[in-house]
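S.K.: In case you want the letters, here they are:
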Amino acid sequence: MVDGILKGLRVIEWGDLVSGPWTARLLADMGADVVKVESPGSGDASRRVGPFPGDVPNPETSGLFLYMNLNKRGVTLDLTKAEGKRIFLELVAGADILIENHRPRVVEELGLGYDTLSALNPRLIMVSISPFGQQGPYRDYAGSELVLFHMGGPGYETPVNEVTDLENQPPLKGPGYQAYFASGWMAATCTSVALFQRELTGEGQFVDISEHEAIFSTERPRIAQYSYTGEIPPREGNGIPRFKPCKDGYFAGLNVQRDDIRWGRLCNLMGNPEWTQDEICSTPESRRDNTDIIEAHIMSWMMDYTKQELFDRGQDAGLGVFPLNTAADVYAEEQYRYRGFFQSVDHPVAGAYEYPGISYKLSEHQSEIRHRAPLLGEHNSDVFVSELGRTPEDLVHLYQSGVI
Amino acid sequence: MGKLPFEGIRVADFGWILAAPLSGQWLSTLGADVIRIESKARPDLVRSGVAGGVIPGPEPSWNRVATFNSLNYGKKSCTLDLTKEQGQELAYKIIEKSDVVIEAFTTPVVERFGLTYDKLKAIKPDIILIANSSLGKTGPLKDVAGMGPANQAFAGLPSMTGYEGGTPSGMGGTWPDYTVGMTLAYLIITALYHRQRTGEGLYIDHSMAETVMSMIPGQLMDYAMNGRVAEPRGNRDDLAAPHNLYRCQGEDKWIAISVHNEEQWAAFCNAAGHPEWLEDERFCDSFSRQSNVKVLDDLITEWTLTLTNLEVMERLQAVGVPAGPSQNNEALINDPQLQFRDQFIITDHPEVGRQMSMGMQGVFSAVPERKYGASPLIGQHNDDVFHDFLGMSREEIDRLVKEEVIY
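Residue numbers (this note's numbering), protein chains in the order written: chain A, 1 to 404; chain B, 405 to 811.
If you're looking for bench data, these hints aren't it; they were derived computationally from the structure.
By construction, the Cβ of each residue, glycine as well, lies at the ideal position given by its N, Cα and C atoms.
Hints are not guaranteed to be accurate.
To be clear about the criterion: a stretch of chain A counts as covered by chain B if any three or more of its residues have a C-beta under 8 Å from a C-beta of chain B, and this derived list gives those stretches [claimed, not checked]: (1) 53-65; (2) 68-81; (3) 98-110; (4) 152-166; (5) 170-176; (6) 251-264; (7) 379-389.
Here are the computed distance ranges between Cβ atoms for each label pair [as the list claims (entries may be wrong)]: (8) B/H791 - A/E199: 30 to 40 Å; (9) B/D656 - A/E274: 37 to 47 Å; (10) A/V56 - B/S692: 15 to 25 Å; (11) A/G239 - B/T602: 28 to 38 Å; (12) A/E199 - B/K525: 17 to 27 Å; (13) A/N168 - B/S692: 47 to 57 Å; (14) A/G402 - B/S692: 50 to 60 Å; (15) B/P529 - A/S300: 51 to 61 Å; (16) A/G402 - B/H678: 35 to 45 Å; (17) A/N168 - B/G677: 18 to 28 Å; (18) B/E706 - A/G111: 55 to 65 Å.
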């Protein structure tokens, strides 16, 4: 395997929790040299999130931190101290990319805005991720995963189909940090656009990513639908779960089929029982109007089969159906094993665990976990002494004065 | 300002449904010449209008579908029957003059259509081919088909989505397709940057289910570290309380509120007009608030029901507490922040006329404004592609139309 396709790029990540760190992770997975800057003492907030091995909290063993920061090096710097800021500016002066996800006002108050940084390094690509973006009436509003997910739209449509009691079943958030991850993918995409453009023009630029917009972008068709037909997706459903129970768990995709080809395949799969000959099953419209009756038939048929049986038979019948896996199931799934998705990573404090890995393969080039996440300030000497030319004595003074 | 970054880049877009076309749209709106290669024998499922948003008119609905028309801005469309050898040969001629090929077929279909990397590399040595599929193009399940919701399931996401103590639920929209569209765009654009520097093409094999799993690391690491199998948590969070949706004035109106530290808690109680909650030992720290979260949620609801969700947002945001309304598409269209940031664009389309749809995201200081051309009618650009671009005679084109190769 040859090196990752971004080898040689130098990235400074001044990130926290998920969106900034994920952006930098995506570049690191491709071979970029990512130096993560954390605050001395507390470090990245994800160090306090967990999960922790054996449920024993330790800032060096938080599963979220360990995952978000694979393939990176880590340093500590207190940016509110003059020397901390000076060193940060030195790092940025020698970097291709700076990624940060702090509120716009915080960045400005520290004097680390793009104008200042681009004067030091005109080739710098600065990627700022913030809850609502750098401009606009909500620019200084506080965001959180919960708030962004719901303001962005997908919460209103979650859970799909199941809501029958509007007062007691509120709109629902997706698990974990889906809005922040979407922001990371978006920021990484825009970073690559800026890199491509820099090869053409020789100049860096500022990229402004809004987390609110990133999760909103997953509602893309709903905007045009409103314009075309005035459609507002109803929150209330028919109560039929999208994932239906079967003999040994839940299963996805065995639904009433609107199109005749797939409906025919489904009937064949079920052995063409008598009820499928009913008039209500004859056209896409009649099937739509009688969804609950038909779904009840499908559900009762499903209870006789295991997830595996439904998967094998359903796929053979030409239907895109899948079992509903749990966290335990995905670790055992042969397909993911074959592709080497889960990778064992050892860590001096946390120990060795299998981590979720990288979701794509590149011909000939590396895209895999190469390094565990850094300990807090682990690469201070590497970066500040070996690369920036401070002396080991300087390092001690910086530590004593709380800069690193 | 100057040129858009991808001017001069050509993309042969065989992608269909949602994720792959969205990745092509990142490129077309940034200047690339993106050609959709479609087929009337096997039209993009989205063109059939299964997902709604179809303007009434004569069947088929192919050109009047909101979803399709917000995923293909400024692309061209030509039609080829790729089950026919001549159709494949014409596709190869387009690929020969392209920089990027996008496909989103199952493995058996890719082989039948002759769109494997080996084949395309022989035609265009520095081609970038991105293959998007449910579970990847290697492994025992490389041949399976499945769309977004089924992918979610195989990746385990619904097993941790839903109301607390409830059954597994589906995430809204067509999750994960629109996030995957960005993933694909990231991979394609990074590959273009790599080619720009080295002259090398690249094959990218992307698994949608793996990308879904890459976004639930906390839950998966908890299994790896502690053998714990994640379950639905509703709107709750381990670290923050209150952290929920609260009903407001009006029909089915909700506000999301999350309080992450003591400073925000103090600001919250004062803004809610309940400074006495600060003295209440049931709520005195985050741990206590977690333990008494149901009582707390009920008290908060009594307050939020007296206001609209926008009023609650304004009061809480004024003191630095994260709060915002649950928004459906109508509310989103009226969101002043999204309006300010040009998230709603108008395109003029030959069949549906002027319609509003969603713009693209990411604001660049040195990239000119994006191009938002209308999405193409099916086969609208057959003459542009086969005559003007490939240099075929109109007689030959007519013959191939009759033979249903160009179809």
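S.K.: Name the hints, by number, that the structure is in violation of.
M.R.: 2, 3, 7, 11, 13, 14 and 18
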